[in-house]
Amino acid sequence: MPFLDLPDEIIVKILCHLDPSDINNLYEFASIRNRFQQFISLTIDDENSINFPNIPIESKIIINKDSNINCAGLLEFFEVNNFTDFNKKFSQIKDQVPKFCIINDPIKWLHLSPFEFQYKRGDDLVLFNQLINEASKNSSAIKYLSFINLTKIVIENINIDPSIHLPNLESTIITNCKSSNESIKFKWNKLKDLSITGPNFAESLHKSIDYNLYPIRLYLTNIGHLRFTNLIFTNLRFILITSDPSIEGFQLNDIITIDNCVFPNLKELNIGVQNGVILENVTLPNLLKLSIKCTSGQIILNNVISNNLEVVEITTSVMPLIQKFQCLSLQLIYFDIEIFREDADFNFLTNIPNLIIKNHVSQILSKINLECLKFLGLDLIQPNDLAINSMEFPQLEYADLSLDFNYDKIPLINAPNLKQLNIADSPGLNTLNNIPIDYPQLEELILEMVQLPLKVKDITFPNLISFEINMEGDLLEFINCDFPKLKSFFAIGSMFETPSSIMINAENLVEMKLENLDMEELILPNNPKLQHLSANRVESLYTQDLDSLICLDLSYNLMKDLNIKSAPNLKNFESIQSNAQEFKFESGLNLSSDEKFIKFGSRYNPVLESISIEEPIGVRSWMAKYYWDLNKALRR
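Heads up: the sequence shown at position 132 corresponds to 132 in the UniProt record's numbering, and the numbers run straight through without jumps.
None of these hints come from the bench; they were simulated from the model.
Computed from a prediction, not measured in an experiment: that's the story for all the values here.
Beta carbons: idealized from backbone N, C-alpha and C, even for Gly.
Pairwise CB distance ranges, derived in the manner of DEER restraints:
(1) 390 <-> 463: 20 to 26 Å
(2) 610 <-> 494: 35 to 41 Å
(3) 48 <-> 190: 22 to 28 Å
(4) 156 <-> 21: 28 to 34 Å
(5) 574 <-> 409: 33 to 39 Å
When the alpha-carbon atoms are kept at most 27 Å apart in a straight line, the in silico DSS-like pairs for lysine-lysine are as follows:
(6) 529 <-> 457
(7) 190 <-> 207
(8) 632 <-> 419
(9) 409 <-> 455
Based on the sequences and whatever the hints tell you, model everything.
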């Protein structure tokens, strides 16, 4: 039977399953338009309809805030811009005539909850809740409900109707909710961020999510047992799945299984649960970082293909079971295991250029090939960790060590090519005297948290180019120390100001920063290449000619004496001291290039004009730089 030969009531039932855009397109046909005009009405509060431009004026009912809503026809369309005025009137309609409601109200976000008493009576949030609750009922006359401008929605403790259209929704936070109809999908095609808490996700909600279309970022908390099977997550770029006992709804049975799934655009997968993680037959062609933490159960990786994967982080109580793990670009593994077994298979750690081990250091290193290691991060916290002294690392160039309080000096690592050594934590460290002996080739030394007084005297560091120390202890002294190749010297005291004395010979020094070091005087006897000097809490500063100095920062100093012979290329001088002008010295400050040349002749260096006066950042550890670059790649 031709469509137009059907009874009006049957046509209405058919139209109730169509989108407004499809119905609007039907109005382009004159015969259909004439037929629809007999039983369809459009109620609007603006002369121009955005969603139904093809509906003729004869079918339109224009209302204002003082108008009542009168029923008209067998199918009613409502398109409104002022939701508050409309809903007060609309809620009084009790008939069962099918209705399409499209809300163009400019409200951008919405909080849906059964606890309406938290809002004032008549509040828009209450009205939104009432309308959505009405539309979600199976017996409701509202067949189509859309909020055009909503971009963010927070939903708690209700059943969500997937048929409600939110075409511009970008962010959703859902707590303890179910889908009221698991057979249909949420039409959230522009959704970027989806955050869900509670076990109802695995039981109900996830069946109504269209992973082919959205989201871009997925955050799941306390969802209990979850199984993703035979799915393609087309646009997903980030996943975070966690179990948090401090958050309501924590589930003991929190095993996460991902089986036979494809993530074509996923860059980061982060799972932290208690009882188990299983990845089987999973393809992740663009994954860069995989992080799995399982505090009591088993981690299983079986037939996982991820050829762009760079970083794997595993924290677990027992050895993971890894089979057919194809990751041709793997650069770094972070490995933290609570229980060590001698018969365990450590082959997945072999031939990795960069490795971080947080537990059972010497036992694990004894099981793998050390010759290919370029970077090594270790937590040396167990007595037998000293066994690393007998191991050889022929290709190692960078090392990060965290030491417990039993280490009063930096332990020896047999790595003849080591360039950078970063000590991340050192509560017992009180000497650096062994550095020139154990690490004569070292170029960069970073001490991040020195908690005891540190005195270094009459020591030569032959190849050190960069040195950085962050003091938590109450004394720092460098007396008569030679740094023949040093270019960067950074010393940062504690927030309570660390009493200090710095007397070093470093004729190649380019940048020097002394912060929160309480010093009576600083003497720089011969530093012709020094470009940046920053020092606070220094009472007196004495230097010879500083021909390369372009930036001098003495902020927060209460200077008693400033004696700089000259600084012909100085571009920036920072001081908040009211009598700073009393400390006069010959410099190129505030002079043009020509004026500097006339005044200082060949000592003026035009090359220095192009060097930034921004404060240098100092040396960063290899691991910090690597993760910085990785995070930039993850954000792209």
